[in-house]
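**Q** Could you slot chain Y onto chain C? The hints should help.
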Amino acid sequence: MKRIAIATLFFAAIAALWQLMVASGRWSPMLLPSPLSDSEYLWSALLDGSLLEATAVTVRRLFTGYAIGVLIGLPLGLLTSASQFFEDTIGSMALGLQTLPSVCWIPLALLWFGQTESAVLFVVIMGTVWSVVIATDTGARTIPPIYARAARTMGSEGFHQWTRVIVPASLPFLVSGMKQGWAFAWRSLMAAEIYVTILTGFGLGHLLHYGRELNAMDQVIGIMLVIVVVGLLADKALFSPWERFLHRRWGTGLKPA
Amino acid sequence: MGPSGCGKTTLLDIIAGLTKPDRGRVLADGQLVEGPGRQRLVMFQESALFPWLTVLGNVMFGLKLRDDLTDVERRRIAHEHLQLVGLEKFAHANVHELSGGMKQRIALARALAPDPRVLLMDEPLASLDALTREQLYADIQRIWASRHKTIILVTHNVREAVCLGDRIILLTGSPGRIREEFHIPLPRPRDINSSALSKHAARITGALKGYIGGEVGE
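Quick note, the sequences are listed as chains C and Y, same order.
Letter by letter, the first sequence follows residues 20 to 276 of this note's numbering.
Letter by letter, the second sequence follows residues 1190 to 1407 of this note's numbering.
The set of hints was computed from the structure by calculation and includes no laboratory data.
Just so it is clear, CB atoms sit at the ideal spot from N, CA and C, and this is done for glycine as well.
Quick partial rundown of chain C residues pointing at chain Y, CB under 10 Å, derived from the structure:
{"id": "1", "residue": "A169"}
{"id": "2", "residue": "T172"}
{"id": "3", "residue": "M173"}
{"id": "4", "residue": "E176"}
{"id": "5", "residue": "A188"}
Chain C extracted, bound-state conformation:
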């Protein structure tokens, strides 16, 4: 309760500061709309449904792209951790491509797929997959070999050993890897939505882009706030249960009382 109160107070203070800056009159309201006019914009966008629709479009793309990215990245990461051949091939490719900012995929995606849903998905997947590969690889390599030895003596081999020992043992790394992949997916998607104008659905990135085109600063700031909130909520929904499980089982992340 106290923590919520502190957080609320903190954000209220920021809003108050913002209002003070507007009231000082030093900046044109075109460039710095007041918190009130911003809330008015958000409220009207909420009422006419455009905000919810854009959020739904964005979240759908994000989850589709992210899920595909993880589904490709996770097994690839396990492969590169287990075999020298895959480490030297896919592993080094992942290392290289991970350093490529995902915005750099956009020109290629546009030329390959045109202004389509596939282009957006492609950028999100490319943004996600390599960091998931690397995190999974690191995770599977870092687990103490004694776990695998103990499991082998009890008769665990092959597929059983992968699913019951190696994957759960590297879970702390997998979750942080998936979290990192998630952060990349979210950034890639916003970059893609701002640059790729497609007709199959307006996402939050598009609203942001049009806010700029129309010089509608209240829209720009409002949508940025929504993007932050969506990112926070998705992060909590996706990872909080896993992190709680990890902390409970592994005894990590305990705060001193």
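**A** Only chain Y this time, still in chain C's reference frame:
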């Protein structure tokens, strides 16, 4: 027993089937050992308990790999073994919540539960404090008396060997060879601090000193 680096752990690994011997072969009940098998379970120096499972989940791990049991039987056996090591109350605890001694007890329960023919112990008590270790000497002897498993224990500690072992085989280092064998005819349960035990321990320490020139491993 033997000095560090004489191949005690390697030998245990070969018996377990975790390491392939360069030459020779291991027979268990007349069967060639070609890989790990649940007739020869290992208890390691660190507990090697799986942190992603609860205590009960750890004890169930080996049982789940036995197809001849039903789930109800597995559960019953797991609880029996937790009782055997005196940690029934901790069935649903997480591994990180246990002390070092408790972890080794759970590791013992996990190794015993699938009912192996042989239990291989690789310095299982080396990382524990003296008090906990003495408690576990008593526990291991009690459990051995009730289950009558063949136990092969690797240790650096002469008194520990005399307390737990019926036969003590001294190995020498590079190349690893059997040097000498001792029989310990003391009645059980044995107290690690008893004078009869000290006498045997002194004899073995003497033998160790004799052939490695005072460089004893403990």
